[in-house]
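**Student:** Okay, here's what each chain looks like letter by letter:
2 protein chains.
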Amino acid sequence: MRVLFHIPLSPFSRKVRVVLAEKGLDFDLQVEKVWERREEFLALNPAGQVPVLVDENGEVLADSAAIVEYLDEVYPNRPLLGFDAAQRAETRRLVAWFDLKFHAEVTQNLVWEKVTKRFMGLGTPSSGAIRAGLHNIAYHLDYIGFLTERRKWLAGDAFSLADIAAATQLSCVDYVGDVRWDGHEAAKDWYARVKSRPSFRPLLADSVSGVSPPRHYADLDF
Amino acid sequence: MRVLFHIPLSPFSRKVRVVLAEKGLDFDLQVEKVWERREEFLALNPAGQVPVLVDENGEVLADSAAIVEYLDEVYPNRPLLGFDAAQRAETRRLVAWFDLKFHAEVTQNLVWEKVTKRFMGLGTPSSGAIRAGLHNIAYHLDYIGFLTERRKWLAGDAFSLADIAAATQLSCVDYVGDVRWDGHEAAKDWYARVKSRPSFRPLLADSVSGVSPPRHYADLDF
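Chains as they are written, first to last, in the working numbering: chain B, 8 to 229; chain H, 8 to 229.
Please note that a few of the clues may not be correct.
Copies of one chain are not kept apart here, so a pair can be met inside one copy or by any two copies together.
[What the hints assert, rightly or not] In silico DSBU-like cross-links for lysine-lysine, where the CA-CA straight-line distance does not exceed 30 Å: (1) 159 / 124; (2) 40 / 195; (3) 195 / 30; (4) 159 / 40; (5) 30 / 124; (6) 159 / 30.
Hints in this document: simulated from the structure, not taken from any laboratory.
All figures in this text were calculated on a predicted structure; none of them were measured in a lab.
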């Protein structure tokens with residue numbers, strides 16, 4: 008059986024989980040406490056990060072971008088990047104926007120500060136980081152709104168990896184209760200559409216010990 | 008004519024320059040001072056970052072990973088990712104290693120602190136960051152050595168985007184004189200091989216106002 012080493016509130020692990028589900032691929036989930044630096048895990052991925060996927064054929068895949076590109080190529084039943092080179096470039100541009108920019112400006116400042124840091128025993132959240140994260144998120148919700156007022160989904164007419172990358176980052180921030188949806192109706196409508204996909208449901212059932220999500224977290228009509 | 012908006016010491020711009028050269032594609036280089044947030048440039052890439060490529064057909068491409076994936080697909084004369092899905096996954100894993108991990112642990116701490124920060128008027132370099140960068144680089148040179156003792160090039164038998172990503176990050180750090188090559192013979196031999204490729208030569212002729220590279224920077228036999 009395919010195995011995905013993950014952390015529940017790692018947005019990059021979530022991205023791979025949704026891609027696997029969209030493609031109808033079965034997998035076992037295994038939590039990897041990366042901060043313990045387990046030797047067998049470092050042998051799979053010397054970078055020591057999740058997600059790592061061990062595919063049915065034994066292929067070991069590390070780095071979320073490398074994993075989803077591999078899955079999109081090997082299991083092409085449901086293409087998630089686009090149907091021509093220009094569309095794929097637009098999808099990948101937006102994936103990078105959320106994987107890098109949103110992650111650095113929002114997710115790191117909120118989820119990492121409030122949850123991961125505590126698990127790793129690195130002390131209390133920095134109030135400066137939390138202020139920055141809460142400030143930055145409005146700009147990203149506006150950008151999602153800007154895109155979805157012009158397109159059906161973030162990268163174009165079809166649901167794509169761009170939607171998955173954006174929604175999985177947001178889902179982690181939503182879990183810690185820090186997405187202020189008010190005043191961002193277009194982004195909220197788009198997120199409701201992503202949330203209602205069967206591939207997204209397992210994420211809404213995640214629970215992290217000691218951190219309860221707000222009631223609207225799993226609510227499809229929030 | 009194809010135009011690449013870049014910054015000379017941006018490793019991601021350098022990665023695209025080498026890819027274009029490896030594929031024999033002509034292009035004009037245009038320096039974009041991203042910190043000035045020029046409106047026409049933000050219209051091309053709302054993320055406000057280089058590199059941005061405007062291809063011959065007018066296609067606007069942003070984000071270095073999206074650009075190189077596009078180029079590898081549209082100009083397949085010289086494939087830089089690999090010849091099967093597993094090989095491409097290994098190449099992309101290593102590209103992520105250098106684009107994300109090396110960049111955060113080394114390039115940001117040294118090149119950004121010493122050069123970019125000054126251009127942006129953000130003050131003097133942090134000595135803590137510089138110490139961290141100098142400490143971290145040894146580990147990455149060891150990893151390059153580990154790989155090249157087992158493979159001809161970083162990702163396997165063929166020169167690939169992994170070599171380009173690693174060498175362009177290193178080239179920026181080498182420009183500011185912070186790569187201590189002593190004791191890292193395998194990494195040094197590999198870098199000498201990359202440096203001697205015609206695609207890499209233009210990078211060795213770069214000059215940044217107010218920052219002179221050490222003499223060995225452009226030396227093929229350093």
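**Student:** All hints are to be evaluated individually against the structure, with a verdict given for each.
**Tutor:** Results for each hint:
no.: 1; hint: 159 / 124; in the structure: neither (37 Å within a copy, 40 Å between copies)
no.: 2; hint: 40 / 195; in the structure: neither (32 Å within a copy, 35 Å between copies)
no.: 3; hint: 195 / 30; in the structure: within (25 Å within a copy, 43 Å between copies)
no.: 4; hint: 159 / 40; in the structure: neither (38 Å within a copy, 34 Å between copies)
no.: 5; hint: 30 / 124; in the structure: neither (33 Å within a copy, 44 Å between copies)
no.: 6; hint: 159 / 30; in the structure: within (21 Å within a copy, 35 Å between copies)
Of the numbered hints listed earlier, those contradicted by the structure are 1, 2, 4, 5.
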